[in-house]
Amino acid sequence: MIELDDLQKDMLTELFNLGMGNAGSALSEMVSEEVLLSIPEISFMDKNELTALLEVDSGGHISGVSQQFSGMLLGQALLTFPTQKSLELVRLLLQDSVPLENLTEFEEEALLEVGNIIINAGLSSLADIFDDEISSDLPVFSSGSCQDVIKSQNKTVNTQQTVLYLQVNFSIEKEKIKGYVVYLLDVESIESLAAHIDNYISKLNI
Amino acid sequence: MSNNIDKLLSVELLTEVVNTNATGIIIIDHEHNIIFWNKWLEDASLIQRNDAINQNLFQLFPILENSRIHKAIDQSISKGNASFISYAFNKNTFPLFSNGNKQKPLKQILYIKPVLLKNNQRYCYIQINDATAAATREQQLRKMAHDAKALSDLKSGFVSSVSHELRTPLTSIVGALGLLKAGVDSPSSETSQQMLNIASSNTERLLLLINDILDIEKIESGKFDYHFSKENINELIEVSIKNNIGLTEKYKVKFSFVKDAAIPDFSFDKDRITQVMNNLISNAAKFEPDNGTVEIQSLLENNKVRIMVKDHGEGIPALFQDKVFQSFTQADVSNTKNIAGTGLGLAISKKIIESHHGDIGFDTIENKGTLFYFTLPLTR
Numbered sequence: 017m018i019e020l021d022d023l024q025k026d027m028l029t030e031l032f033n034l035g036m037g038n039a040g041s042a043l044s045e046m047v048s049e050e051v052l053l054s055i056p057e058i059s060f061m062d063k064n065e066l067t068a069l070l071e072v073d074s075g076g077h078i079s080g081v082s083q084q085f086s087g088m089l090l091g092q093a094l095l096t097f098p099t100q101k102s103l104e105l106v107r108l109l110l111q112d113s114v115p116l117e118n119l120t121e122f123e124e125e126a127l128l129e130v131g132n133i134i135i136n137a138g139l140s141s142l143a144d145i146f147d148d149e150i151s152s153d154l155p156v157f158s159s160g161s162c163q164d165v166i167k168s169q170n171k172t173v174n175t176q177q178t179v180l181y182l183q184v185n186f187s188i189e190k191e192k193i194k195g196y197v198v199y200l201l202d203v204e205s206i207e208s209l210a211a212h213i214d215n216y217i218s219k220l221n222i
Numbered sequence: 005m006s007n008n009i010d011k012l013l014s015v016e017l018l019t020e021v022v023n024t025n026a027t028g029i030i031i032i033d034h035e036h037n038i039i040f041w042n043k044w045l046e047d048a049s050l051i052q053r054n055d056a057i058n059q060n061l062f063q064l065f066p067i068l069e070n071s072r073i074h075k076a077i078d079q080s081i082s083k084g085n086a087s088f089i090s091y092a093f094n095k096n097t098f099p100l101f102s103n104g105n106k107q108k109p110l111k112q113i114l115y116i117k118p119v120l121l122k123n124n125q126r127y128c129y130i131q132i133n134d135a136t137a138a139a140t141r142e143q144q145l146r147k148m149a150h151d152a153k154a155l156s157d158l159k160s161g162f163v164s165s166v167s168h169e170l171r172t173p174l175t176s177i178v179g180a181l182g183l184l185k186a187g188v189d190s191p192s193s194e195t196s197q198q199m200l201n202i203a204s205s206n207t208e209r210l211l212l213l214i215n216d217i218l219d220i221e222k223i224e225s226g227k228f229d230y231h232f233s234k235e236n237i238n239e240l241i242e243v244s245i246k247n248n249i250g251l252t253e254k255y256k257v258k259f260s261f262v263k264d265a266a267i268p269d270f271s272f273d274k275d276r277i278t279q280v281m282n283n284l285i286s287n288a289a290k291f292e293p294d295n296g297t298v299e300i301q302s303l304l305e306n307n308k309v310r311i312m313v314k315d316h317g318e319g320i321p322a323l324f325q326d327k328v329f330q331s332f333t334q335a336d337v338s339n340t341k342n343i344a345g346t347g348l349g350l351a352i353s354k355k356i357i358e359s360h361h362g363d364i365g366f367d368t369i370e371n372k373g374t375l376f377y378f379t380l381p382l383t384r
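For the protein sequence lines, the chains are U and B, in the order given. Numbered per the numbering used here, the first sequence spans residues 17 to 222. Numbered per the numbering used here, the second sequence spans residues 5 to 384.
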């Protein structure tokens, strides 16, 4: 199981925060309201541990957006929220007060776009580490129990038990909503990522 | 040989399929020049393929310069990222129309994808879906949800008010009867008589309240019956004043009636208009200062009749004026004479007058008084 040391964590956090800054600007422009994004936490995590963490935080039901990516890294990215929170987020962004229990088609598409912007920003940050391209596919909506959603991410890529996990904090109009970004990678990608992180750090130190 | 034919058929077939696809498809190169423009787009944009091919996308659509779409296209070409553009966040996309009708712009969702070929040539593929029907459905859904919530809120507010209004007289009744039952005094004493009076008048009040609530319920559910007949409104007003004569002693006021004899008999619901008159007269009596006169007047106007009831009390406070005809609101005026109305009278009166296609309203001046009026059309 790969662990990130403090230096690596700091560097990754900074890189992702830069990328998320851009995503935040894009979202702010879209909704004409200031949207601030920050990454307080990054680590490699075991998939089961992640599922358990999500279950505790969400009460069992999560909703989110996933995108396949390829290039220097191969895998699936997932941005997910406890379902209740995904509803809150979309309604905040759309300045919506419709009293419906589930996401409507409209709101689902809104979440897709938000997820797309966040995931692409994260992938750009990862691409910077490699100084090369990571290309992404179109976003797909998923919703269900934590187990089901995480499991369904394995469809085309044989991803490993270890995942790269980031917590993302959304801050809009004094409301704060916590989301989770997960990168599920195949085995070569994980090793490649770990190696490139060190490369990147040493390049910076020179 | 068959391989070549397969390839030829494939390319031709695929081109035809993409060209006649039920969504818009644009393919641009890395410099944003249009290299493919399908039939759906020709119809929706009113720009023919020959006028689109080889054009720079942003010269053809300057409105998209520096937009979210522009950024997404650049990201796809430079970074290989795919983007989804929802209608929820993007109301201004390509200028496209339904059936070429510029009055009917198309609401769109876009899929923007990078295409990287083996020779490292980069292209961007844009798919445009018509989201107009979905957007309309969504709007209807939202409206229904909003209306349902508003109705639910209104209902709980009403139930809350009704419960409170019912409880007040009941508490008095329970209290008075409780004392009587406890035999605190002899049954024929003055105190006992007082207790009986309290219980009795509050019982009447409860009955009035329940009748009014039932009326409001019937009105809301459309079951309030009207019986129209040709009647004389001046006579109705005179009868109404006579029936309310008890108020003159109770509130120490007088009534005056100036009638317009030119008003002909016309069609209205006698019982319901009587209900309205009783409501306005008793309200005015309550607010008229001691020894004052409530002025009632009928007037024939152009094709309608106007009835006015005027008091010389404190007037209706500004903050309260837009709530006058709502259920269960009574102005909190400190020197009014022990108001014992149901709070529903004006709400019911308004419904009755509206059902007659008339108007009801008031003019009020602070410390001078209030004039309530309603009009009824001569012909229905």
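The hints are simulated quantities; they were obtained by calculation from the structure and are not laboratory data. For glycine and all other residues, C-beta sits at the position ideal for the given N, C-alpha and C. Take these hints with a grain of salt, some might be off.
[Claimed, not checked] Part of the chain B face toward chain U, derived, beta carbon under 7 Å:
#1 Ser87
#2 Phe88
#3 Ala92
#4 Phe93
#5 Thr140
#6 Gly179
#7 Ala203
#8 Thr207
#9 Glu208
#10 Tyr230
#11 Gly362
[Claimed, not checked] Some chain U residues well away from chain B (every beta-carbon gap over 10 Å; in silico):
#12 Lys63
#13 Gly76
#14 Leu103
#15 Leu110
#16 Asn136
#17 Asp202
#18 Glu204
#19 Glu207
[Unchecked claim] FRET-style restraints, in silico, Cβ to Cβ:
#20 B:Asp326 - U:Ser41: 29 to 35 Å
#21 B:His74 - U:Ser113: 51 to 57 Å
#22 U:Glu189 - B:Ala152: 50 to 56 Å
#23 U:Phe157 - B:Gly161: 36 to 42 Å
#24 B:Leu145 - U:Val72: 32 to 38 Å
#25 B:Leu145 - U:Lys190: 55 to 61 Å
#26 B:Asn37 - U:Phe157: 39 to 45 Å
#27 B:Leu18 - U:Glu207: 35 to 41 Å
Status of each hint after checking the structure:
{"no.": "1", "hint": "Ser87", "in the structure": "holds, 6 Å"}
{"no.": "2", "hint": "Phe88", "in the structure": "holds, 5 Å"}
{"no.": "3", "hint": "Ala92", "in the structure": "holds, 4 Å"}
{"no.": "4", "hint": "Phe93", "in the structure": "holds, 5 Å"}
{"no.": "5", "hint": "Thr140", "in the structure": "violated, 11 Å"}
{"no.": "6", "hint": "Gly179", "in the structure": "violated, 42 Å"}
{"no.": "7", "hint": "Ala203", "in the structure": "violated, 45 Å"}
{"no.": "8", "hint": "Thr207", "in the structure": "violated, 41 Å"}
{"no.": "9", "hint": "Glu208", "in the structure": "violated, 42 Å"}
{"no.": "10", "hint": "Tyr230", "in the structure": "violated, 36 Å"}
{"no.": "11", "hint": "Gly362", "in the structure": "violated, 37 Å"}
{"no.": "12", "hint": "Lys63", "in the structure": "holds, 25 Å"}
{"no.": "13", "hint": "Gly76", "in the structure": "holds, 26 Å"}
{"no.": "14", "hint": "Leu103", "in the structure": "holds, 13 Å"}
{"no.": "15", "hint": "Leu110", "in the structure": "violated, 6 Å"}
{"no.": "16", "hint": "Asn136", "in the structure": "violated, 5 Å"}
{"no.": "17", "hint": "Asp202", "in the structure": "holds, 18 Å"}
{"no.": "18", "hint": "Glu204", "in the structure": "holds, 19 Å"}
{"no.": "19", "hint": "Glu207", "in the structure": "holds, 22 Å"}
{"no.": "20", "hint": "B:Asp326 - U:Ser41: 29 to 35 Å", "in the structure": "violated, 44 Å"}
{"no.": "21", "hint": "B:His74 - U:Ser113: 51 to 57 Å", "in the structure": "violated, 32 Å"}
{"no.": "22", "hint": "U:Glu189 - B:Ala152: 50 to 56 Å", "in the structure": "violated, 26 Å"}
{"no.": "23", "hint": "U:Phe157 - B:Gly161: 36 to 42 Å", "in the structure": "holds, 38 Å"}
{"no.": "24", "hint": "B:Leu145 - U:Val72: 32 to 38 Å", "in the structure": "holds, 33 Å"}
{"no.": "25", "hint": "B:Leu145 - U:Lys190: 55 to 61 Å", "in the structure": "violated, 29 Å"}
{"no.": "26", "hint": "B:Asn37 - U:Phe157: 39 to 45 Å", "in the structure": "violated, 33 Å"}
{"no.": "27", "hint": "B:Leu18 - U:Glu207: 35 to 41 Å", "in the structure": "holds, 39 Å"}
Of the numbered hints listed earlier, those contradicted by the structure are 5, 6, 7, 8, 9, 10, 11, 15, 16, 20, 21, 22, 25, 26.
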